[in-house]
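Novice: Please construct the entire structure, taking both the sequences and the accompanying hints into account.
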Amino acid sequence: KQEVTQIPAALSVPEGENLVLNCSFTDSAIYNLQWFRQDPGKGLTSLLLIQSSQREQTSGRLNASLDKSSGRSTLYIAASQPGDSATYLCAAQPYNTDKLIFGTGTRLQVFP
Amino acid sequence: DVKVTQSSRYLVKRTGEKVFLECVQDMDHENMFWYRQDPGLGLRLIYFSYDVKMKEKGDIPEGYSVSREKKERFSLILESASTNQTSMYLCASSSSTTYNEQFFGPGTRLTVL
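Heads up: the protein sequence lines correspond to chains A and B, in order. Residue 37 in this note's numbering is what sits at position 33 of the first sequence, and the numbering runs on without skipping anything. Residue 119 in this note's numbering is what sits at position 47 of the second sequence, and the numbering runs on without skipping anything.
Please keep in mind that the hints were generated in silico from the structure rather than gathered at the bench. Be aware that a few hints might be false.
[To be verified] Once the Cα atoms are required to be at most 20 angstroms apart in a straight line, the calculated SDA-like pairs of lysine to any residue come out as:
1) B/K75 to A/R41
2) A/K46 to B/E173
3) A/K5 to B/L83
4) A/K46 to B/T158
5) B/K129 to A/E7
6) B/K125 to B/Y136
7) A/K46 to B/L83
8) A/K5 to B/K129
9) A/K5 to A/K46
10) B/K129 to A/Y99
Specialist: Rendered as structure tokens:
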């Protein structure tokens, strides 16, 4: 059974730092991996989706990588800003299902 | 832009009431999902639907039912609300033609008294 883990559960950094959020999954048989952002009390916003055949995706200051063989994905945030403060979730889609398996998230705080 | 809307942002109901949560998407997606999110438990899938009138149980379907009469609309029904169903409910949709990227609605915070 696929399990998705995110470490650390919480992270606090000063503005301007480059940072990496980690996501690991137990079964490499995935169709894609998706990163989301969630602000308090709100829904999830899709940030990046990496297909299984891809190694990385970039959007602005965000870069997500995928290494299926090691069961890991990372989300890199460059030059962090206070507006980046949110919870970041990763989710893996196993083969033969349309469902996502979610991690429990990393709560990020960027202070001025 | 994909739009997923939910009928209410906040809802307060009494124990035993029948509750309807509505979700509408405007991107002609085949797949629609209902999740609940609770502190410390993360997102848990309640039900999903991969076509009109088709549904499949998720991880925690007990106490819930769903309805999908039209492609764009997916309803979650609490037949007899209980206090342990107090939660944030999130709806999402996806299409296999866009690699099943899931798009979420704003959520409904349901409180059952």
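Novice: Would you mind marking each hint as holding or not holding in the structure?
Specialist: So, going through the hints one by one against the coordinates:
1. B/K75 to A/R41: With Cα atoms ~16 angstroms apart, B/K75 and A/R41 stay inside 20 angstroms; holds.
2. A/K46 to B/E173: At roughly 18 angstroms apart (the allowed maximum being 20 angstroms), B/E173 and A/K46 satisfy the hint.
3. A/K5 to B/L83: Answer violated: A/K5 to B/L83 is near 35 angstroms, above 20 angstroms.
4. A/K46 to B/T158: Roughly 16 angstroms between the alpha carbons, so the hint for A/K46 and B/T158 holds.
5. B/K129 to A/E7: This hinted pair holds, its Cα atoms lying about 19 angstroms apart.
6. B/K125 to B/Y136: Between B/K125 and B/Y136 the Cα gap is close to 16 angstroms, so the pair holds against 20 angstroms.
7. A/K46 to B/L83: 15 angstroms, holds
8. A/K5 to B/K129: 17 angstroms, holds
9. A/K5 to A/K46: The given pair, whose Cα atoms are some 29 angstroms apart, is violated under the 20 angstroms limit.
10. B/K129 to A/Y99: Roughly 18 angstroms separates the two Cα atoms, so the pair holds.
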